[in-house]
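S.K.: For the record, the sequence lines run as chains A and B.
All letters in the first sequence, in the order written, are residues 1 to 533 by the numbering used here.
All letters in the second sequence, in the order written, are residues 534 to 1066 by the numbering used here.
Some hints here could point you the wrong way.
Computed far set for chain B versus chain A, every beta-carbon distance over 12 Å [said to hold, decoys possible]:
1) F624
2) K640
3) M652
4) A793
5) G813
6) T833
7) R837
8) A845
Partial selection, computed: residues in chain A whose CB lies under 10 Å from chain B [what the hints assert, rightly or not]:
9) C39
10) I128
11) A131
12) M271
13) L275
14) T306
15) I310
16) T320
17) S355
18) L371
19) V390
20) L418
21) H422
Negatives, chain B to chain A, calculated, CB over 10 Å [said to hold, decoys possible]:
22) I564
23) T568
24) A569
25) L575
26) G578
27) I604
28) S608
29) T788
30) R790
31) L794
32) I843
33) T846
34) K877
35) H1045
Everything labelled a hint here was simulated from the structure, so no lab data went into it.
We put the beta carbon where it would ideally sit given N, CA and C, even for glycine.
Protein chains: 2
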Amino acid sequence: MAAAEATAALWEAAVVAASSTGGDSTTVFSICVFTAVLCLCLVAGHLLEENKWVNESITALIIGCIVGAFIFLLSKGKNSRILRFDEQLFFIYVLPPIIFNAGFQVKKKQFFHNFLTIMSFGVFGVFISVAIVSAGCYWLFPKVGFGKLDAVDYLALGVIFSSTDTVCTLQVISQDETPRLYSLVFGEGVVNDATSVVLFNAIKNIDITRLKGGVVLKVIADFLYLFATSTILGATIGLSTAYVLRALYFGRHSTDREVALMALMAYLSYMLAELLSLSGILTVFFCGIVMSHYAWHNVTESSRITTRHIFATLSFIAETFIFLYVGMDALDIDKWKTAKSGFKTSAGIFGILISLILLGRAAFVFPLSILSNSMSGNSEKAPITFKHQVVIWWAGLMRGAVSIALAYNQFTFSGVTLDPVHATIITSTIVVVFFTTLVFGFLTRPLISAMLPHHRHREEATGGRSTGSNSPKDDFILPFLSDEDASGSGSGFMQAKRSISMMLERPVHTVHVYWRKFDDRFMRPIFGGPRSH
Amino acid sequence: MAAAEATAALWEAAVVAASSTGGDSTTVFSICVFTAVLCLCLVAGHLLEENKWVNESITALIIGCIVGAFIFLLSKGKNSRILRFDEQLFFIYVLPPIIFNAGFQVKKKQFFHNFLTIMSFGVFGVFISVAIVSAGCYWLFPKVGFGKLDAVDYLALGVIFSSTDTVCTLQVISQDETPRLYSLVFGEGVVNDATSVVLFNAIKNIDITRLKGGVVLKVIADFLYLFATSTILGATIGLSTAYVLRALYFGRHSTDREVALMALMAYLSYMLAELLSLSGILTVFFCGIVMSHYAWHNVTESSRITTRHIFATLSFIAETFIFLYVGMDALDIDKWKTAKSGFKTSAGIFGILISLILLGRAAFVFPLSILSNSMSGNSEKAPITFKHQVVIWWAGLMRGAVSIALAYNQFTFSGVTLDPVHATIITSTIVVVFFTTLVFGFLTRPLISAMLPHHRHREEATGGRSTGSNSPKDDFILPFLSDEDASGSGSGFMQAKRSISMMLERPVHTVHVYWRKFDDRFMRPIFGGPRSH
């Protein structure tokens, strides 16, 4: 209630200030309220951390809602938001730190060990999910009296409701307790987001009147091209940063300059990718991975601590900002007025969308997990058990900021729509995001406890088995072994034979061993990195 | 030259992208170029660091100029800048981190020991300087054929050319080598900036037709009121942050949350001050001081390292951004076309302004230094020698971003002016900023070497003498002594007598001792801080 009174006082102050000095104060006032509410979220999130039902996203959503309601009341029903949703703001300023931080903090070994599974989930999974959601909407929407959409709009709906909310998921699954699960769900989420954005742009440009069978292939080819070029761009920028930091040895003079250079180069990678019409998300993600592998080791100790926390903090603020915004935006009365659809239609649309999300995700998680299990066969990897599959399915059901941003991008013109059909889709998206975040998010932690009751201990055991090199000790043994192999000249044939048999038995492991060799011999001397021997 | 080619390639890419997808790409392109050029500045600044003639500001200015020239050539003479100067951008996003960092990093003991001198320089100095520059412009401008200004414009000119550029100065004087000089020049710069902004706002609102003798008094009263309220607001927010961090003990859970809370609260202090029409600069400066004194000690070790560097890095990027921008803006052809004034008039205006800046600063630095010396008498403080006075005078001659921002604010409408007189003032301001930064900035390091040839050793000696408690050891002895005094009950009379004689002999020192007592007994138990015993 103290917050409410403060808001009321501020609102009065802003009204007075705005009327006396013109429009500038409105911006100042908005920033003030947002900053104050962000602080409130931080404190509330901290106080609720011990609670196993509530996470930070839910807190921010609810606080955003409450603040929106107060603004709504104080402005006498005129509006509930103080900033208009701007996809540019979201895609240019808020998303890059989140994704870069994800790449920077991800446990690279886990990520690359599960690379194939992650990619199949993140790419083919999205294709399957989009197909199911689009077809389902096309088939079911007219049955609840809502069917005036273009074919492109149905495809857009499919994409909008196929992007997992990585942010919310990460707050529920712990990287230390369940490393493999974390790596699968998180990795899928990142690739998933990227696939959605790429697919969305592809769909927007499709000429629906000349739709042929080749279009699907062309979308897939486009995706692969974008994936490759974006990855290369990200890796190149990451490597240049590492090289500059190493060659010029910045730390001699200034920690601040090192930190600034890393942050700016990371941001540059995202913006360059956007400028060249590539996927900024993928670029900045791989830039983060490369930077944490090379550049991070070339800087001073205090730069290391600072960068680790600076990126995490920025990402944290950006995430909270998004949920807060969605919470405030939910009460925007204009959209609800424009939507005009009756309660029955709205409830029908909502039910259809939720069912399709549940179905669309189930349709790829279970088959692809079984495929992944059979592919790895009796190799070193533990299979993804049915219980794990259920958790993966459930943890990816939440829809978040990317869905909202895509929906606004497709169905509004700079945050405003006058078309009742489009307004209905926007309001439905908000309701779905709210429902999935609150209800599914609320139930995830208890579900994980129920499905994986001793996951803390079990994962430690299976984790060690599944990756083959989970302990730091193994980290040092692997390259050491590979170096021994390499230095034993004359045993070329034996080495080749061993390599081939290894390759057949444990493909991912072998690739990893070769990568480590290459890394130690060629990459690290140029770009820097941890000295492993 | 590689940079030039890259810029050319990017420009082509941007033109293609902008024409195919609309206006959004222009923003992306601008951000890209700015980020890339910022990176370039960082590397160039690093490479030139050993050079005693060039500092980071000069590097950024020159690089900005070169990039501006290339954009000018590539756009075939149409424009030289890719972002329009926006005072809002400057005052809302760029300035707060610089000033907060200044407060956060300043050596508090030195600052408060020289408090009276700093305040007299920063407040009365500016008043004297404004009077001289305004009167000089009024008297001399018609003599070079330029005299169509209102009385308010002359006063505005006085304020614009009286604000020292703290940023550039700090890069030249070292806090470790010459602590007292640094503290005087830096402290003056901050107060100076604040006084200028406050004075400027006061002048804009003056009804010049009803100008009476009381106006000057009213401006001074306004200033004192603003100073007091802004300081209180900043200190209150800083203390609340410290209290929250201490009471909830954030570090138990998350470093990122601590860092985010500190950064957001600092920003909130600035924005709240702006919202309440106080001086954001002063508020955020004192918030920084309070946070570094209390809040910083309540967080985990890694939060301490992170916050120290995160604020320094943000400030560093913001500073480089400003100089880069000014460099790029210098070649904006529209303004030069609009200005229309002949070479003779331009040269005359430039000469007058530079002379007035030199004179206006000399008119308060030397008298006020002598006053400060005679005030402290034969107390513990070393007098400000004539050589120090010359360095103080010289180091404050540079004009920078605040001057530019105030000039744009007064003489343009969102960065554009069609009035030739106003355009002339804008171009003159840019030329003066350029000249002072390049020429005066260029000569400052050699001047300091010449005036204080062994300043490294001398300052250590006088520094120790002047503050009385410069070494960390003294830090611990002082409160220990004062506590002994307090615990020795019954010796009240002796204590009072000693206090009074101390007060008469060494007023600042005594205030400091009492402050330490108060701090240890009441403040630190509530708000946290270093444990001194």
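S.K.: Each hint: holds or not?
M.R.: Results of checking the hints against the structure:
1. F624: 9 Å, violated
2. K640: The assertion about B:K640 holds, with a minimum of 18 Å to chain A.
3. M652: 28 Å, holds
4. A793: 5 Å, violated
5. G813: B:G813 not clear of chain A: closest Cβ-Cβ about 9 Å, inside 12 Å.
6. T833: B:T833 not clear of chain A: closest Cβ-Cβ about 10 Å, inside 12 Å.
7. R837: 10 Å, violated
8. A845: 5 Å, violated
9. C39: With a closest approach of 5 Å, the A:C39 hint holds.
10. I128: 30 Å, violated
11. A131: Since the shortest Cβ distance to chain B is 28 Å, the answer is violated.
12. M271: At 5 Å from the nearest chain B Cβ, A:M271 passes the 10 Å test, so the hint holds.
13. L275: This interface hint holds because 5 Å falls under the 10 Å limit.
14. T306: Holds, because the Cβ-Cβ distance from A:T306 to chain B comes to roughly 4 Å (cut-off 10 Å).
15. I310: 5 Å, holds
16. T320: Holds, because the Cβ-Cβ distance from A:T320 to chain B comes to roughly 8 Å (cut-off 10 Å).
17. S355: 36 Å, violated
18. L371: This interface hint is violated because 37 Å lies over the 10 Å limit.
19. V390: 29 Å, violated
20. L418: 20 Å, violated
21. H422: 20 Å, violated
22. I564: 5 Å, violated
23. T568: The claim breaks: B:T568 does not keep its Cβ more than 10 Å from every Cβ of chain A (closest is about 4 Å).
24. A569: At about 6 Å from chain A, B:A569 fails to clear the 10 Å cut-off, so the statement is violated.
25. L575: 5 Å, violated
26. G578: 7 Å, violated
27. I604: Holds, because the least Cβ-Cβ distance between B:I604 and chain A comes to about 16 Å, which exceeds 10 Å.
28. S608: Given that every Cβ of chain A is farther than 10 Å from that of B:S608, nearest at about 17 Å, it holds.
29. T788: 5 Å, violated
30. R790: 6 Å, violated
31. L794: Non-interface label on B:L794 violated, nearest chain A Cβ at 5 Å vs cutoff 10 Å.
32. I843: 5 Å, violated
33. T846: About 5 Å separates B:T846 from the closest Cβ of chain A, which leaves it inside 10 Å; violated.
34. K877: 39 Å, holds
35. H1045: 31 Å, holds
Comparing the model with each numbered hint stated earlier shows that hints 1, 4, 5, 6, 7, 8, 10, 11, 17, 18, 19, 20, 21, 22, 23, 24, 25, 26, 29, 30, 31, 32 and 33 do not hold.
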